[in-house]
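Colleague: Using the sequences plus the hints, can you model the full thing?
Read top to bottom, the protein sequences are chains A and B. So that you can map any letter, position 118 of the first sequence is 118 in the working numbering, and since no number is skipped, the others follow by simple counting. If you want the working numbering, it's the 1-based position in the second sequence plus 437.
Keep in mind that the hints were calculated from the coordinates and are not lab data. Mixed in with the good hints, there may be bad ones.
In silico DSS-like pairs for lysine-lysine, Cα to Cα no more than 27 Å straight-line [said to hold, decoys possible]: (1) Lys629(B) x Lys164(A); (2) Lys151(A) x Lys588(B); (3) Lys202(A) x Lys601(B); (4) Lys151(A) x Lys390(A); (5) Lys103(A) x Lys11(A); (6) Lys601(B) x Lys588(B); (7) Lys629(B) x Lys151(A); (8) Lys536(B) x Lys855(B); (9) Lys536(B) x Lys553(B); (10) Lys164(A) x Lys639(B); (11) Lys588(B) x Lys639(B); (12) Lys151(A) x Lys202(A); (13) Lys192(A) x Lys601(B); (14) Lys394(A) x Lys185(A); (15) Lys622(B) x Lys827(B); (16) Lys151(A) x Lys394(A); (17) Lys629(B) x Lys639(B); (18) Lys11(A) x Lys99(A); (19) Lys192(A) x Lys588(B); (20) Lys831(B) x Lys588(B); (21) Lys448(B) x Lys540(B).
Simulated restraints, written as ranges between beta carbons of each label pair [as the list claims (entries may be wrong)]: (22) Pro595(B) x Ser301(A): 35 to 45 Å; (23) Ala73(A) x Gln529(B): 39 to 49 Å; (24) Asn157(A) x Gln529(B): 44 to 54 Å; (25) Gln668(B) x Ala123(A): 36 to 46 Å; (26) Lys202(A) x Thr584(B): 23 to 33 Å; (27) Tyr736(B) x Ala117(A): 51 to 61 Å; (28) Glu6(A) x Leu638(B): 35 to 45 Å.
Every residue, glycine too, gets a C-beta built ideally from N, C-alpha and C.
2 protein chains.
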Amino acid sequence: MATLNETHDPKLTSWVVSANHGTTDFPIQNLPFAVFRRQGSAEAWRGGVAIGDQIVDMAAAVQAGVFSGDALAPAQAAAEPTLNHLMGMGAQAASSLRKALSKALQTGSAQEAALKACLVPQADAEFTLPARIGDYTDFYTSVYHATNIGKQFRPDNPLLPNYKWVPIGYHGRSSSIGVSGQAFKRPKGQVKPPDADAPVLKPSARMDIELEMGVFVGQANELGDPVTIDQAESHIFGLVLFNDWSARDIQPWEYQPLGPFLAKNFASTISPWIVTMEALAPFRAAFSHPEGDPQPLPYLSSDANSAEGGLDIQLEACIVTPQMRDAQAAPERFTLTNYRHAYWTAAQMVTHHTVNGCNLQPGDLLGTGTLSGPTLDSACALIELTVGGKNPLKLKNGETRTWLEDGDTIILRGWCDKPGAARIGFGECVGMVLPAA
Amino acid sequence: MATLNETHDPKLTSWVVSANHGTTDFPIQNLPFAVFRRQGSAEAWRGGVAIGDQIVDMAAAVQAGVFSGDALAPAQAAAEPTLNHLMGMGAQAASSLRKALSKALQTGSAQEAALKACLVPQADAEFTLPARIGDYTDFYTSVYHATNIGKQFRPDNPLLPNYKWVPIGYHGRSSSIGVSGQAFKRPKGQVKPPDADAPVLKPSARMDIELEMGVFVGQANELGDPVTIDQAESHIFGLVLFNDWSARDIQPWEYQPLGPFLAKNFASTISPWIVTMEALAPFRAAFSHPEGDPQPLPYLSSDANSAEGGLDIQLEACIVTPQMRDAQAAPERFTLTNYRHAYWTAAQMVTHHTVNGCNLQPGDLLGTGTLSGPTLDSACALIELTVGGKNPLKLKNGETRTWLEDGDTIILRGWCDKPGAARIGFGECVGMVLPAA
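Modeller: Okay, structure coming up:
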């Protein structure tokens with residue numbers, strides 16, 4: 001599964017000096033992909049790779065002849081206006097490109113001069129979706145989230161009997177997925193107060209977030225050909241932060257019997273930078289179900305998945321209210337969790353999704369589901385943090401939040417940090433709720 | 438909403454004589470769109486229009502200079518390898534093209550010679566998906582289906598309280614949608630027998646069909662901009678037949694709390710020909726909820742929707758078993774229903790889907806849900822027809838079917854026929870179950 005190579009060496013430094021500060025999300029050991037152009041320009045969208053506070057403009061770098069050999073074809077694909085082609089080339093191609101980028105960006109590289117001309121400051125860039133997302137599937141991999149929210153939707157029956165056997169997932173809406181910076185109108189929908197005879201159409205009064213990770217599919221599988229658990233990671237390109245905005249008053253009235261629909265599909269936001277599975281190799285974690293829980297069925301089990309199916313990724317959500325924005329206050333963190341708490345791994349998501357022959361395609365997105373941890377302060381949705389709206393969050397400036405208000409901005413962040421490895425990060429996933437139309 | 442014009446005149450005939458037999462699905466009053474090429478060729482896929490037993494090759498027809506004026510741009514779009522562009526141009530553009538096609542194909546048309554050279558026999562053609570389907574949503578618009586199936590999944594609670602208020606829908610899988618002729622391996626999945634302690638992974642033993650219609654979205658709406666009920670039909674390009682294959686033993690174990698997933702996403706099949714909303718204008722039907730049922734909320738109500746929101750489309754499903762195939766027996770019909778039995782109209786599906794601001798895009802597909810009628814012989818899934826597997830279908834050759842067996846072929850057909858209008862049809866939607874891998 002995860003193999004360390006020279007690109008992960010924590011001692012590596014780059015001639016892009018901002019990449020060498022220990023606090024950057026984008027040291028030379030990371031090298032995530034996005035699609036960008038200069039802010040406000042009419043330039044073509046093209047792929048880029050983050051290094052420190054800069055972006056390697058892949059179109060310019062290919063033009064400048066920086067890449068050759070095995071790295072050339074993936075470099076050309078990484079220069080396109082969507083990364084679907086790169087994703088579909090598979091893990092080996094992406095790895096060749098990573099090696100070439102790592103060499104070219106290293107301190108002392110002979111390509112410094114050529115590549116320096118291809119840098120664009122991140123501060124000057126705007127981003128778009130890194131891929132045409134054909135299908136988006138959301139999973140439900142935190143047993144803590146499933147239990148917390150189950151208590152509120154089904155007090156007598158919080159965790160359904162299938163949860164510990166089936167990596168529960170459902171299809172979501174691709175068209176309304178946007179990239180960090182997305183601002184969306186508060187949705188309207190049918191809401192039925194418990195004591196009312198009939199529902200009413202109104203703007204949601206229970207706007208919530210869900211802190212998730214998004215898994216971008218790489219290499220495709222053919223319709224009818226399941227992906228085994230040991231092959232699953234070779235079908236994953238990389239990970240982003242993902243905010244699955246939710247309207248908690250629309251959800252309970254509509255979701256039975258076929259699942260959430262309008263409570264979720266008005267907007268979902270991803271971070272622009274896709275951190276590859278290879279970059280995450282130093283942060284693999286052992287994976288197991290708690291003692292006493294059923295072991296996964298054989299198709300969902302493998303030694304590699306047990307040894308290192310988990311991912312040690314710290315995740316946080318912060319809020320900026322309009323009042324905080326006016327006061328230029330720093331974003332305030334209201335939850336901190338870790339992806340390793342998930343009950344099902346990314347590989348298990350892929351394998352389960354395809355066990356019936358369903359075909360995954362390059363650029364498809366799999367959400368992990370809300371990644372709430374075992375304690376309340378690591379819960380990843382307001383519905384959990386406020387216990388269904390009963391205990392509002394208290395912010396440092398004296399404001400409270402039960403649900404999101406108009407003008408509230410949510411910032412998701414994620415990072416990996418452990419002794420013996422270079423810290424890498426995901427950047428930010430920022431979204432804002434606008435007033436209803 | 439629906440306006441009759443000269444293209445609907447039942448007296449119109451075509452110089453393509455096979456279009457003038459009263460039994461053809463494709464008289465000059467229909468003019469549906471597909472994407473095709475000559476069978477087994479390496480030709481480019483391009484759009485075509487059905488006329489009798491022929492196809493107007495739109496790429497050839499554009500090349501031949503058959504179209505001009507308002508019809509030229511939509512004709513060029515109709516010649517592309519997917520029809521998304523044509524769909525996105527809106528109803529007015531499609532209508533201009535329809536008028537031009539109707540004139541050019543009429544008996545006595547000056548364009549007969551030019552267009553004759555652009556015909557390809559349908560018998561020589563193969564078809565592909567007519568559009569890149571970005572998102573696919575399945576609705577649940579038959580109250581009879583919801584009640585029948587609800588009785589089996591939730592005996593105490595068959596029709597949930599939201600059903601008569603909310604046009605229930607959920608997201609489905611786009612990648613596994615195929616065109617008529619699709620053959621797919623029987624899916625494997627987790628199945629839990631009621632008396633077992635644990636689920637097992639096995640090939641589905643309860644393969645079923647769902648006879649639906651598919652609604653192709655035309656003109657897009659922007660994210661955040663709902664489509665009103667009176668505008669909804671201007672966002673619909675046309676209709677196809679749709680078979681939402683279902684694995685009934687996978688479904689009950691996986692579907693709670695987030696809805697059906699692997700029980701549905703291994704394959705779904707559409708008919709190749711998209712019949713436009715304009716072609717269906719003579720077959721509109723009054724629409725209302727039964728007396729005593731709640732009236733739809735105002736956003737789902739309009740005079741036009743009440744006057745003619747329904748569609749009088751006859752629908753049937755037929756089976757060909759391997760034994761029947763060997764005996765060269767005719768396909769055997771096992772259900773006959775009508776789209777006008779739906780509890781929610783196509784316009785209500787569009788308006789509800791977008792009321793929260795969700796954006797629909799050209800080529801998106803909306804399934805109506807299984808279109809079971811009020812009586813058991815008009816039920817549109819085996820799970821209903823066999824009452825959950827208890828009463829097998831008896832076929833004329835003495836075979837029985839509780840669920841589909843390997844090698845079974847299902848053929849869906851649909852047509853509109855009433856006095857004073859030319860009969861039009863949808864062609865066929867054919868799919869076959871192959872053995873599990």
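Colleague: Next step is simple, just say for each hint if it's right about the structure.
Modeller: Each hint tested on the structure:
Distance check on the hinted pair: Lys629(B) and Lys164(A) sit about 13 Å apart at the alpha-carbon level, within 27 Å; holds. Using a Cα cut-off of 27 Å, the hinted pair Lys151(A) and Lys588(B) holds, with the two alpha carbons roughly 26 Å apart. The hinted pair formed by Lys202(A) and Lys601(B) meets the criterion: a straight-line CA distance of about 18 Å does not exceed 27 Å. Among the hinted pairs, Lys151(A) with Lys390(A) is consistent with the structure: their alpha-carbon atoms are about 14 Å apart, no more than 27 Å.
For the given pair, Lys103(A) sits about 13 Å from Lys11(A) by alpha-carbon distance, which is consistent with the 27 Å threshold. Our distance criterion of 27 Å between C-alpha atoms is met by Lys601(B) and Lys588(B), whose separation comes to about 16 Å. For the hint linking Lys629(B) to Lys151(A), the alpha-carbon distance of about 24 Å falls within 27 Å, and the restraint holds. Distance hint between Lys536(B) and Lys855(B) is fulfilled; the C-alpha atoms sit about 22 Å from each other, no more than 27 Å.
With a CA separation close to 18 Å, the supplied pair Lys536(B) and Lys553(B) stays within the 27 Å bound. As the CA atoms of Lys164(A) and Lys639(B) are separated by approximately 18 Å, the hinted pair is consistent with the 27 Å bound. Straight-line distance between C-alpha atoms of Lys588(B) and Lys639(B) comes to about 26 Å, which keeps the hinted pair within the 27 Å bound. Taking the CA atoms of Lys151(A) and Lys202(A), the gap is near 26 Å; set against the 27 Å cutoff, the hint holds.
Our distance criterion of 27 Å between C-alpha atoms is met by Lys192(A) and Lys601(B), whose separation comes to about 13 Å. With a C-alpha separation of about 25 Å, the suggested pair Lys394(A) and Lys185(A) falls inside the 27 Å cut-off, and the hint holds. Proposed proximity of Lys622(B) and Lys827(B) is supported: the alpha carbons are some 25 Å apart, at most 27 Å. Annotation: proposed proximity of Lys151(A) to Lys394(A) holds, straight-line Cα distance about 23 Å (limit 27 Å).
Using a Cα cut-off of 27 Å, the hinted pair Lys629(B) and Lys639(B) holds, with the two alpha carbons roughly 10 Å apart. Between Lys11(A) and Lys99(A) the CA atoms are separated by roughly 15 Å; this keeps the pair inside 27 Å, and the hint holds. Proposed proximity of Lys192(A) and Lys588(B) is supported: the alpha carbons are some 24 Å apart, at most 27 Å. For the proposed pair Lys831(B) and Lys588(B), the alpha carbon gap of about 23 Å is at most 27 Å, so the pair holds.
A distance of roughly 13 Å separates the Cα atoms of Lys448(B) and Lys540(B); the hinted pair therefore holds under the 27 Å criterion. Taking 35 to 45 Å as the suggested C-beta distance range, the pair Pro595(B) and Ser301(A) conforms, at roughly 38 Å. One distance hint, 39 to 49 Å for the beta-carbon pair Ala73(A) and Gln529(B), holds here, with the actual separation near 44 Å. Between Asn157(A) and Gln529(B) the beta carbon distance is about 52 Å. The supplied range of 44 to 54 Å therefore holds.
About 42 Å separates the C-beta atoms of Gln668(B) and Ala123(A), a value consistent with the hinted range of 36 to 46 Å. Checked against the given bound of 23 to 33 Å, the beta carbons of Lys202(A) and Thr584(B), roughly 29 Å apart, stay inside it. At roughly 55 Å, the beta-carbon separation of Tyr736(B) and Ala117(A) lies within the given 51 to 61 Å, and the hint holds. Between Glu6(A) and Leu638(B) the beta carbons are some 40 Å apart, a value that agrees with the proposed interval 35 to 45 Å.
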